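Chemist: On the provided structure of chain C, position chains B and V as indicated by the hints.
Protein chains in written order, with my numbering: chain C, 56 to 316; chain B, 10 to 305; chain V, 10 to 261.
To be clear, the hints were calculated from the coordinates, so they are not data collected in a lab. Quick caveat: nothing in here was measured; it's all calculated off a predicted structure. All residues carry an ideal CB built from backbone N, CA and C; glycine is no exception. Keep in mind that a hint or two might mislead.
Said to hold, decoys possible - Simulated coverage check for chain C against chain B, where a stretch passes if three residues somewhere in it have a Cβ under 8 Å from a Cβ of chain B:
{"hint": "1", "region": "190-197"}
{"hint": "2", "region": "268-277"}
Claimed, not checked - Here are some of the chain C residues that sit facing chain B, going by a computed Cβ distance under 10 Å:
{"hint": "3", "residue": "LEU114"}
{"hint": "4", "residue": "TYR219"}
{"hint": "5", "residue": "MET262"}
{"hint": "6", "residue": "GLN264"}
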Amino acid sequence: MSGGFDLFFDYFARRDNRLRRFDPRVKMGVVAALFAAILLSTRPPLPAMVSVVALGSLLLIGIPLGLIGRRLLAPLGIVIALVLIQGLLVGETVLAAFPVAGWEVALHREGLVRGAGMALRVWGAFSVLLLFSAVTPAHEMFRALRWCRMPHLWVEIAMLVYRYIFVLLEEASEMVAAQRVRLGYAGFGNGLRSAGTLTGAVVVRAMEQSLRTHEAMVARGYTDVFPFGPLPPMGRRAWGALAGVVAVVGILYWFLERGLA
Amino acid sequence: MSAAFSAPALACRSVSFRYPEGSQALVDIDLAVAPGEFVALLAANGSGKTTLIKVLAGLLAPTAGTVRIDGSDIRQMPAKALYRRVGLLVQNPKDQLFGATVAEDVAFGPRNLGLDEAQVQERVAAALAAVGAAHLRERAIHHLSFGEQKRAALAGVLAMQPAILLLDEPTAGMDPAGETRMIDFLYRLNREHGLTVIFATHSVDMLPLIAHRICVLEHGRVIQCDAPRAVFQAPDILARAGLRLPYISVLFDEMHRHDGFCLDRLPLTVREARQALLDLLAGPSDPSAAAAVRHG
Amino acid sequence: MMRGVVRGPCIPIALLILVAGLAVPVRAHAMHIAEGILPAGHAALWFLVSVPFVLWGLREIRLRSAAAPHYKPFVALVGAAVFIISCMPIPVPIAGSCAHPVGTGLAAILIGPAPAVVLASIALALQALFMAHGGLTTLGANVVAMGVAGAFSGYAIFLLARRLGLPLLVAAFLAGLLSDWATYAATSAVLTVALHEPGGFSTMLQLILVAFMPTQVPLGILEGVLAAGALRFVQARMPVLIKGLQPTGGAV
Numbered sequence: 056m057s058g059g060f061d062l063f064f065d066y067f068a069r070r071d072n073r074l075r076r077f078d079p080r081v082k083m084g085v086v087a088a089l090f091a092a093i094l095l096s097t098r099p100p101l102p103a104m105v106s107v108v109a110l111g112s113l114l115l116i117g118i119p120l121g122l123i124g125r126r127l128l129a130p131l132g133i134v135i136a137l138v139l140i141q142g143l144l145v146g147e148t149v150l151a152a153f154p155v156a157g158w159e160v161a162l163h164r165e166g167l168v169r170g171a172g173m174a175l176r177v178w179g180a181f182s183v184l185l186l187f188s189a190v191t192p193a194h195e196m197f198r199a200l201r202w203c204r205m206p207h208l209w210v211e212i213a214m215l216v217y218r219y220i221f222v223l224l225e226e227a228s229e230m231v232a233a234q235r236v237r238l239g240y241a242g243f244g245n246g247l248r249s250a251g252t253l254t255g256a257v258v259v260r261a262m263e264q265s266l267r268t269h270e271a272m273v274a275r276g277y278t279d280v281f282p283f284g285p286l287p288p289m290g291r292r293a294w295g296a297l298a299g300v301v302a303v304v305g306i307l308y309w310f311l312e313r314g315l316a
Numbered sequence: 010m011s012a013a014f015s016a017p018a019l020a021c022r023s024v025s026f027r028y029p030e031g032s033q034a035l036v037d038i039d040l041a042v043a044p045g046e047f048v049a050l051l052a053a054n055g056s057g058k059t060t061l062i063k064v065l066a067g068l069l070a071p072t073a074g075t076v077r078i079d080g081s082d083i084r085q086m087p088a089k090a091l092y093r094r095v096g097l098l099v100q101n102p103k104d105q106l107f108g109a110t111v112a113e114d115v116a117f118g119p120r121n122l123g124l125d126e127a128q129v130q131e132r133v134a135a136a137l138a139a140v141g142a143a144h145l146r147e148r149a150i151h152h153l154s155f156g157e158q159k160r161a162a163l164a165g166v167l168a169m170q171p172a173i174l175l176l177d178e179p180t181a182g183m184d185p186a187g188e189t190r191m192i193d194f195l196y197r198l199n200r201e202h203g204l205t206v207i208f209a210t211h212s213v214d215m216l217p218l219i220a221h222r223i224c225v226l227e228h229g230r231v232i233q234c235d236a237p238r239a240v241f242q243a244p245d246i247l248a249r250a251g252l253r254l255p256y257i258s259v260l261f262d263e264m265h266r267h268d269g270f271c272l273d274r275l276p277l278t279v280r281e282a283r284q285a286l287l288d289l290l291a292g293p294s295d296p297s298a299a300a301a302v303r304h305g
Numbered sequence: 010m011m012r013g014v015v016r017g018p019c020i021p022i023a024l025l026i027l028v029a030g031l032a033v034p035v036r037a038h039a040m041h042i043a044e045g046i047l048p049a050g051h052a053a054l055w056f057l058v059s060v061p062f063v064l065w066g067l068r069e070i071r072l073r074s075a076a077a078p079h080y081k082p083f084v085a086l087v088g089a090a091v092f093i094i095s096c097m098p099i100p101v102p103i104a105g106s107c108a109h110p111v112g113t114g115l116a117a118i119l120i121g122p123a124p125a126v127v128l129a130s131i132a133l134a135l136q137a138l139f140m141a142h143g144g145l146t147t148l149g150a151n152v153v154a155m156g157v158a159g160a161f162s163g164y165a166i167f168l169l170a171r172r173l174g175l176p177l178l179v180a181a182f183l184a185g186l187l188s189d190w191a192t193y194a195a196t197s198a199v200l201t202v203a204l205h206e207p208g209g210f211s212t213m214l215q216l217i218l219v220a221f222m223p224t225q226v227p228l229g230i231l232e233g234v235l236a237a238g239a240l241r242f243v244q245a246r247m248p249v250l251i252k253g254l255q256p257t258g259g260a261v
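Pulled out of the complex, with its shape left as it was, chain C reads as follows (with noise of 0.2 Å):
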């Protein structure tokens, strides 16, 4: 049951480091203009320096290498697809060519270089990702998202939802040890059995927190909107950073892209 969430970061995203504490809207500021220049990158050199430089920080900050690849192995299997997919679909010159079942299959330069070229995209843009979450504590991330004018009650219930999890996820993996000591998972049939009940009683946990949650929110005067605190505002040294990195994302994307054709 826990082993999906061995891969939270929200543990590694408490440690104290040199990017922990830049201010979580000028990190978003500069994850948007990464996404960009990777999303619009039409060449491979962009999104793999993105990655390298990523996955590099990553490390030196003290992530494990292992949780690192674990993570990154995530979107392997969409990628692998698309690869073969565009491979098979795209070209003219046939690489190599096999027969399945009666008929010919051949898969071709084309189309392998541009699943490649995807591929890589996907990877760039994930180690980006992987930095942001792994250097920005959900608290922060839901502060930032304010100040961006996200609806107000978009944050308050993933707030509450973040919250909820643990707790949830806590009971859920207790009720799931209770069914395995009884062979709840012993077999196909009864696994199913398990999951349905399990399902059920993770949504009646669910609703009876829910009841108890509120009772607690309106003793201690809450009425009807989660009061967050002030904003402060945006430092000008924080604009000034957030300025810095995006022009040298601009200049990298214009060398990479337009300088070398």
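Modeler: Only chains B and V this time, still in chain C's reference frame:
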């Protein structure tokens, strides 16, 4: 003890509560708590103490009777006015902690009161310092231990600066050191800062140390409401309600019943028990008791 | 462009089988469109498409929580529950690997389709940030596929089934099944629109559909079973929750 106190800070008159599905949780409860009083609601599980706490906090409307705070019916009070006066610590801290960080959560109440940010921050700092959790300020709630969550939740309540504190099993699930610290803290809140405390619990051992009065609940009724010494004179009533004497008193009570050990009063705390033993060993002022001790 | 791929008259079945075979070992939650796959224009377009639905959902949450103040925490807790459900590793018998249900069908039944889109947007954002599923640039597209397509199709079939007098559990099963398959179909369509070569739309769509079929088809059935199982449990333990789900009542 309660005679020393003036007009009640909180009073409930013939309060009954029945859940919509039909179970009668509270029957005809009368209770007046004086300002600065420390009242324990002692009850076994399922006797209605959590329901009573929720009714007192205005979260459940009684099906009959009224609850008054400083003389006004809480159902007529605006929520803000009510929760400025009354703070509630629920049993499970995770029901009560919904901010992303400790500081954000503690600030929830003060912000709801409409304070300006400087005051909010002041209150957050003061409340966290009071419960000894200043170092947890920026931590994520889900990274806290159970004891830390309890303290963070209490800080969130104290930041509203209530005059009356309602606590539902504040020490449940805590380790002995944490429990002692919590009791100590509540004692100081009550005796030094004058907060009125209503404390629902089923653990009896520390009550003689802190409570001015103990109200025993059984099946949603108050069957006894008196100073600890008086309540613990009647172990049978307690047993009927699924409760017992403090362990140290059980020891002396059994020595009294089975070994002919004479006591002018039953010790309720370790200190009283120690004194009683020292008195016995020092001189056989009471020959039969000394004989009993030697005999044992 | 498409010449010489397969020497055969009809849809290149062999090709489909090949791709399907290759994609099988891949974890099924790759069905969220991964970060960086969509070109900038497409990413922006899907964001624009998703925004009105999210705003609609927010408006509905606001209205309902004005009437019943505990509705908002309830929505949030259903969101947390769906998030956890969508992280339950479930063995898919055919693919032999772990897959996960999307849970939007169930959410739509419990809180209504538009609020379920809001939850999908939150869950997808949190999954992108903290678990590397999906992505931020593809958030709009994923919200459209999982949220809009998943929630509305699941909800529609649920209502239809109830109107037709089918039992609650059957309706729940259909909602889970259809929301999952609709997500799968919409995701495939979004990918195809973004990646196809001129003239190669249908071939690519078929390929993508087939590539993910081994995990998505059983997963949809599984999701239906889970939704039904969940609703059965809720019905036994907290019938209040689904009181509004009677045929005449419609929404909660």
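Chemist: Does each hint hold? Answer for all of them.
Modeler: Verification of the supplied hints:
1. 190-197: holds (count 4)
2. 268-277: holds (count 9)
3. LEU114: Since chain B brings no Cβ nearer than about 24 Å to C/LEU114, farther than 10 Å, the hint is violated.
4. TYR219: Since the shortest Cβ distance to chain B is 8 Å, the answer is holds.
5. MET262: violated (13 Å)
6. GLN264: holds (7 Å)
When held up to the earlier numbered hints, the structure conflicts with 3 and 5 and fits the remainder.
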